[in-house]
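Got two chains here, each in a separate frame; can you build the complex from them with the hints?
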Amino acid sequence: MFKYFEPNKIFSITSKAPKYVLFLFIIILTVGLIEALILSPEDYKQSHSVRIMYVHVPAAWICLGIFSMITFLSVIGYVFKIRNFFLISKSLAPSGFVFSVIALVTGSIWGKPTWGTWWAWDARITSMLILSLFYFIYLIAWRIYDNDDKAFKITTIITVAGIINVPIIKYSVDWWNTLHQQASINILSKSSIHVSMLYPLLIMTAAFTLFSLLIFLMKYNTELIKIKNKGLDRL
Amino acid sequence: MISEILTMNGYGFYVWSAFAFSLLNFTLLYVVIKIQYIKEKEKFIAKFGALNPERATIAKSQSINKEILSNTSTI
Numbered sequence: 028m029f030k031y032f033e034p035n036k037i038f039s040i041t042s043k044a045p046k047y048v049l050f051l052f053i054i055i056l057t058v059g060l061i062e063a064l065i066l067s068p069e070d071y072k073q074s075h076s077v078r079i080m081y082v083h084v085p086a087a088w089i090c091l092g093i094f095s096m097i098t099f100l101s102v103i104g105y106v107f108k109i110r111n112f113f114l115i116s117k118s119l120a121p122s123g124f125v126f127s128v129i130a131l132v133t134g135s136i137w138g139k140p141t142w143g144t145w146w147a148w149d150a151r152i153t154s155m156l157i158l159s160l161f162y163f164i165y166l167i168a169w170r171i172y173d174n175d176d177k178a179f180k181i182t183t184i185i186t187v188a189g190i191i192n193v194p195i196i197k198y199s200v201d202w203w204n205t206l207h208q209q210a211s212i213n214i215l216s217k218s219s220i221h222v223s224m225l226y227p228l229l230i231m232t233a234a235f236t237l238f239s240l241l242i243f244l245m246k247y248n249t250e251l252i253k254i255k256n257k258g259l260d261r262l
Numbered sequence: 002m003i004s005e006i007l008t009m010n011g012y013g014f015y016v017w018s019a020f021a022f023s024l025l026n027f028t029l030l031y032v033v034i035k036i037q038y039i040k041e042k043e044k045f046i047a048k049f050g051a052l053n054p055e056r057a058t059i060a061k062s063q064s065i066n067k068e069i070l071s072n073t074s075t076i
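Top to bottom, those sequences are chains F and Z.
The opening residue of the first sequence carries number 28 in the numbering used here; numbering runs sequentially from there.
The opening residue of the second sequence carries number 2 in the numbering used here; numbering runs sequentially from there.
If you are wondering where the hints come from, they were derived from the structure by calculation, not from laboratory data.
Cβ coordinates follow ideal geometry from the N, Cα and C atoms, glycine included.
Take the hints with a grain of salt, since some may be wrong.
Computed Cβ-Cβ distance ranges for the label pairs, DEER-style [as the list claims (entries may be wrong)]:
1. 32/Z with 47/F: 14 to 22 Å
2. 95/F with 5/Z: 17 to 25 Å
3. 221/F with 43/Z: 31 to 39 Å
4. 106/F with 43/Z: 34 to 42 Å
This is chain Z alone, in the form it adopts within the complex (with noise of 0.2 Å):
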């Protein structure tokens, strides 16, 4: 059973090359767009913490700014 649904009557190497080739895809396009969200938000958390304590409260004041440093989702 395992065998055949490798082989595929012989198309085996197509079918999973195409599956495959679709996933790796799927796998580096989800790394690259992780690794540019996470270096954006490494620059903002950086760019926040060097801000004096009157301009970090004019910052923090803004509710997007806070969802941003709140946020500590793992995706």
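In isolation and in its complexed conformation, chain F is listed as follows (with noise of 0.2 Å):
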């Protein structure tokens, strides 16, 4: 099965695709920010100040996919020592790391006419600092070892270590008293949030997605082209 994964194999796709995924991107995104920023409504409570919403949530959701779908792979790289699964979690992790800054600086945005204050030391947003440690230091990793069976090593160590925080995010407004509030979208039980704002918030999130694949296209072939540089050396 490994074989399909194979760089030479998904080249010749992935070095067309990300000019479809930019335009599918452009529209997406365009009907996301009308819908968030004119079409829905504003909420009882946080009046507009919610639309702020639409881009920290999915951020949010995004960064912690990202760094689980590292973890993964790393791991799975690491045991069966498959070389490309290293290269595709290198390529996943500036977008990774881009919507980590985007989630805290956008809460932050969202605090301050929420609760007051730019910035609390409570578990939600420490938590999503350290992740956003972790994504940084994965990055650093990258560019001290480049490409050796050390980096291979060493950034799965650091994927392993961060995996641990991912949960603490997620449940750290169940454990301890923040200033967040509770999920309002579950996937197993009924989501408190109307569907005037959940559609809206999925359109958002289908936008960032996508915009964290075209990254890890360009990204993704610019590390083969990179591999290709070194084997051109070789001949």
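Okay, here's the thing in structure tokens:
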């Protein structure tokens, strides 16, 4: 099965896909922005500041999802010695890091009108900050060791250490008293968010997902060309 | 109507700055990754051009090298 993940086989697809993904991203983002900024209703308590949710929540979801994916791929890649899984992980990390920064900064902006403060050292915010730091360390590790076996080992250790933080982020609002409200959207039970707010949120999540896919494809192609450059040196 | 969208009951500064920050980060990340891609591709083309005919034939026999050289996508 792993032969289908060979870079030589998938480059012909990944090199052509970005332009279509970019096109789709622009369309969905436009629809999402119109929904989020104009069409969706204001909240009875938070008024218009609730609109920040449409960038804050998708960014937080995606950076958590990407980190989980990076960890999974790194561990599997390390155990089965699949170099391409590390390449995929490395290419996913930049968008994950940027989404974690967006989640932190937009959360801070949302905190000012809602809680009266830009920052609080509560469990959810602090654990999100730690996730950003893990992303940062992960990216720095790739810069230092660059495609060596040592880089595979160190980045896997970083992701395994960082993944412990992911359930802490998720359940921090249940385990501790925090400024954050509890989850409004549940997959297993009924969500407390109204559909008029749920749809713009899902559209923005789709747009953000497409953006991370776009960045992933571009970064992945860059990494493949980098490997081929080294190959030409050896000829 | 437009002023209502801009001011948002006094929350306009917060809402617009959150959206602007996100979109600015998207643009920056896209530009940085794009520059890396272009640089790496130019390096590849320059190295390929410097190969002697025999080595160029060997390099060209790999499908991925052909893809890189033929891929003129603007993305």
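- [ ] Please test the hint of 31 to 39 Å on the beta carbon pair from residue 221/F and residue 43/Z.
- [x] 51 Å, violated
Task: Range hint 17 to 25 Å (beta carbons of residue 95/F and residue 5/Z) holds or violated - done: Since the Cβ atoms of residue 95/F and residue 5/Z sit about 40 Å apart, the hinted range of 17 to 25 Å is violated.
Task: Outcome for the supplied range 14 to 22 Å, where the beta carbon pair is residue 32/Z and residue 47/F - done: 20 Å, holds
Open item on the list: Against the range 34 to 42 Å, how does the distance between the Cβ atoms of residue 106/F and residue 43/Z compare: consistent or not?
Closed with: Since the Cβ atoms of residue 106/F and residue 43/Z sit about 37 Å apart, the hinted range of 34 to 42 Å holds.
Consistency with the previously given hints fails for numbers 2 and 3, ordered from lowest to highest.
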